[in-house]
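**Q** From first to last, the protein sequence lines are chains A and B. Residue 30 in my numbering is what sits at position 30 of the first sequence, and the numbering runs on without skipping anything. Heads up, my numbering is the position in the second sequence plus 1000, with the first residue counted as 1.
One thing to keep in mind: the hints can contain errors.
[Stated by the list, open to error] The following residues of chain B were derived to be distant from chain A, with all beta-carbon distances above 10 Å:
#1 ILE1007
#2 PRO1014
#3 SER1024
#4 ASP1027
#5 SER1028
#6 LYS1042
#7 GLY1071
#8 TYR1076
#9 GLY1083
[Claimed, not checked] With a cut-off of at most 30 Å between alpha-carbon atoms, the simulated DSSO-like pairs for lysine-lysine come out as follows:
#10 LYS62/A x LYS11/A
#11 LYS11/A x LYS1068/B
#12 LYS15/A x LYS1042/B
#13 LYS83/A x LYS15/A
#14 LYS71/A x LYS1042/B
#15 LYS1068/B x LYS83/A
#16 LYS44/A x LYS1001/B
#17 LYS62/A x LYS83/A
#18 LYS1068/B x LYS1001/B
#19 LYS78/A x LYS1100/B
#20 LYS1068/B x LYS71/A
#21 LYS62/A x LYS78/A
#22 LYS1100/B x LYS71/A
#23 LYS15/A x LYS1112/B
#24 LYS1042/B x LYS83/A
#25 LYS1042/B x LYS62/A
#26 LYS83/A x LYS1100/B
#27 LYS62/A x LYS1001/B
#28 LYS1001/B x LYS78/A
#29 LYS44/A x LYS78/A
#30 LYS11/A x LYS1001/B
#31 LYS62/A x LYS1112/B
#32 LYS44/A x LYS83/A
#33 LYS1068/B x LYS62/A
#34 LYS1100/B x LYS1068/B
#35 LYS71/A x LYS44/A
#36 LYS78/A x LYS1042/B
#37 LYS1068/B x LYS1112/B
[As the list claims (entries may be wrong)] The calculated label-pair distances, taken between Cβ atoms and stated as ranges, are:
#38 GLY1016/B x ARG64/A: 18 to 28 Å
#39 LYS15/A x VAL1020/B: 14 to 24 Å
#40 GLN17/A x ASN1018/B: 43 to 53 Å
Hints are computed from structural coordinates only; laboratory data are not their basis. Even for Gly, the Cβ is constructed at its ideal location relative to N, Cα and C.
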Amino acid sequence: EAGVAQSPRYKIIEKRQSVAFWCNPISGHATLYWYQQILGQGPKLLIQFQNNGVVDDSQLPKDRFSAERLKGVDSTLKIQPAKLEDSAVYLCASSLEAAANYGYTFGSGTRLTVV
Amino acid sequence: KQEVTQIPAALSVPEGENLVLNCSFTDSAIYNLQWFRQDPGKGLTSLLLIQSSQREQTSGRLNASLDKSSGRSTLYIAASQPGDSATYLCAVGGNTGGFKTIFGAGTRLFVKA
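If we strip away everything but chain A, and leave its shape as in the complex, we get (with noise of 0.2 Å):
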């Protein structure tokens, strides 16, 4: 089966300006999450989507980020404006159901810099 894809892998951006990252999730897979993993440190979940509502989207900061999952596909996360502490690689999970018998599939990643 395909993987969760993730676009684009790599971004340079400076402070104060916004950037959005993509995911498409497997197929079938009905919950979708997105991390944040900053150098060294495990990833943090920012978002978690069944279908496309909102599951948990306590740790995000929504001052700044927003995500949406139109029509339980694909999904975007967005930052606007983003700041220097942003920087990290925002990861992309994907999970057949939001149950505990579910492991995760994870995309390859977007590593952000923000100058």
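Take the given structure of chain A and dock chain B to it, following the hints.
**A** Using the frame of chain A, we list chain B on its own:
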């Protein structure tokens, strides 16, 4: 609040050595635990998934164990190879405020040829 700790943070071993990576968690009420591998600049690759009712899972040279009562999991790698060099992360799935997965910071493994 669930906290996941991985020790050591980094490990260097000669090729052929058997090794153990450790993961500990503070809340034993978990649903599952998953081990991942991450190569530099890449995403995470799932290695093993252990359900809360299981005690271990095996895949090739990898064996992961789970002891919920003590809040520990280990990843055993047999006959290590230079190609095993990567960062290994454990992720604990729980039910804190809904189903959430918390990641450890990882162990960076370097296998010397």
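**Q** Confirm or reject each hint.
**A** Verification of the supplied hints:
Every CB of chain A is more than 10 Å from the CB of ILE1007/B (nearest about 13 Å), matching its label as outside the interface. Annotated as non-interface, PRO1014/B keeps its C-beta farther than 10 Å from every C-beta of chain A; the closest such distance is 25 Å. Non-interface status of SER1024/B relative to chain A is upheld: no Cβ of that chain comes within 10 Å, the nearest being about 14 Å off. At the 10 Å boundary, the C-beta of ASP1027/B stays outside the reach of chain A, the nearest C-beta of that chain being 14 Å off.
Once the 10 Å rule is applied to beta carbons, SER1028/B is consistent with being away from chain A; the minimum gap is 14 Å. For LYS1042/B, the condition that its CB be more than 10 Å from all CB atoms of chain A is violated, with the nearest at approximately 6 Å. The claim that GLY1071/B lies off the interface holds: its Cβ sits roughly 17 Å from the closest Cβ of chain A, which is beyond the 10 Å cut-off. For TYR1076/B, the requirement that its beta carbon stay farther than 10 Å from each beta carbon of chain A is met, with the minimum near 19 Å.
Listed as a non-interface residue, GLY1083/B keeps its Cβ farther than 10 Å from every Cβ of chain A; the least gap is roughly 19 Å. A distance of roughly 21 Å separates the Cα atoms of LYS62/A and LYS11/A; the hinted pair therefore holds under the 30 Å criterion. For the hint linking LYS11/A to LYS1068/B, the alpha-carbon distance of about 41 Å lies beyond 30 Å, and the restraint is violated. A threshold of 30 Å between alpha carbons decides the hint, and for LYS15/A with LYS1042/B the separation of about 24 Å falls inside it, so the pair holds.
Our distance criterion of 30 Å between C-alpha atoms is met by LYS83/A and LYS15/A, whose separation comes to about 5 Å. Between LYS71/A and LYS1042/B, the direct Cα distance comes to roughly 28 Å. Compliance with the 30 Å bound is thereby established for this hinted pair. A C-alpha spacing of about 40 Å is found between LYS1068/B and LYS83/A, which places the hinted pair above 30 Å, so the restraint is violated. Only pairs whose Cα atoms come within 30 Å are accepted, and LYS44/A paired with LYS1001/B is accepted, the gap being roughly 14 Å.
A hinted pair counts as satisfied when its Cα atoms are at most 30 Å apart, and LYS62/A with LYS83/A qualifies at roughly 13 Å. For the hint linking LYS1068/B to LYS1001/B, the alpha-carbon distance of about 16 Å falls within 30 Å, and the restraint holds. A hinted pair counts as satisfied when its Cα atoms are at most 30 Å apart, and LYS78/A with LYS1100/B qualifies at roughly 22 Å. For a cut-off of 30 Å, the pair hint linking LYS1068/B to LYS71/A is broken: about 38 Å separates their Cα positions.
Taking the CA atoms of LYS62/A and LYS78/A, the gap is about 10 Å. The hint holds against a cut of 30 Å. Distance hint between LYS1100/B and LYS71/A is fulfilled; the C-alpha atoms sit about 24 Å from each other, no more than 30 Å. Between LYS15/A and LYS1112/B the CA atoms are separated by roughly 40 Å; this puts the pair beyond 30 Å, and the hint is violated. A threshold of 30 Å between alpha carbons decides the hint, and for LYS1042/B with LYS83/A the separation of about 23 Å falls inside it, so the pair holds.
Of the supplied pair hints, the one linking LYS1042/B and LYS62/A holds, its CA atoms being roughly 27 Å apart against a limit of 30 Å. Of the pairs offered as hints, the one joining LYS83/A and LYS1100/B holds, with about 27 Å between alpha carbons and a cut-off of 30 Å not exceeded. Note on LYS62/A and LYS1001/B: the hinted pairing holds, with a Cα-Cα distance of about 22 Å set against a maximum of 30 Å. Taking the CA atoms of LYS1001/B and LYS78/A, the gap is near 28 Å; set against the 30 Å cutoff, the hint holds.
For the suggested pair LYS44/A and LYS78/A, the alpha carbons sit about 16 Å apart, so the restraint of at most 30 Å is met. Using a Cα cut-off of 30 Å, the hinted pair LYS11/A and LYS1001/B is violated, with the two alpha carbons roughly 34 Å apart. A hinted pair counts as satisfied when its Cα atoms are at most 30 Å apart, and LYS62/A with LYS1112/B does not qualify at roughly 45 Å. A hinted pair counts as satisfied when its Cα atoms are at most 30 Å apart, and LYS44/A with LYS83/A qualifies at roughly 17 Å.
Of the pairs offered as hints, the one joining LYS1068/B and LYS62/A is violated, with about 35 Å between alpha carbons and a cut-off of 30 Å exceeded. With a CA separation close to 17 Å, the supplied pair LYS1100/B and LYS1068/B stays within the 30 Å bound. Proximity of LYS71/A to LYS44/A is assessed by CA-CA distance (about 25 Å); at most 30 Å being required, the pair is judged to hold. Pair hint LYS78/A plus LYS1042/B holds up; C-alpha atoms about 21 Å apart against a cutoff of 30 Å.
About 33 Å separates the Cα atoms of LYS1068/B and LYS1112/B, which puts this hinted pair outside 30 Å; it is violated. Range check, GLY1016/B to ARG64/A: about 49 Å between beta-carbon atoms, so the 18 to 28 Å window is missed. Checked against the given bound of 14 to 24 Å, the beta carbons of LYS15/A and VAL1020/B, roughly 43 Å apart, lie outside it. One distance hint, 43 to 53 Å for the beta-carbon pair GLN17/A and ASN1018/B, holds here, with the actual separation near 49 Å.
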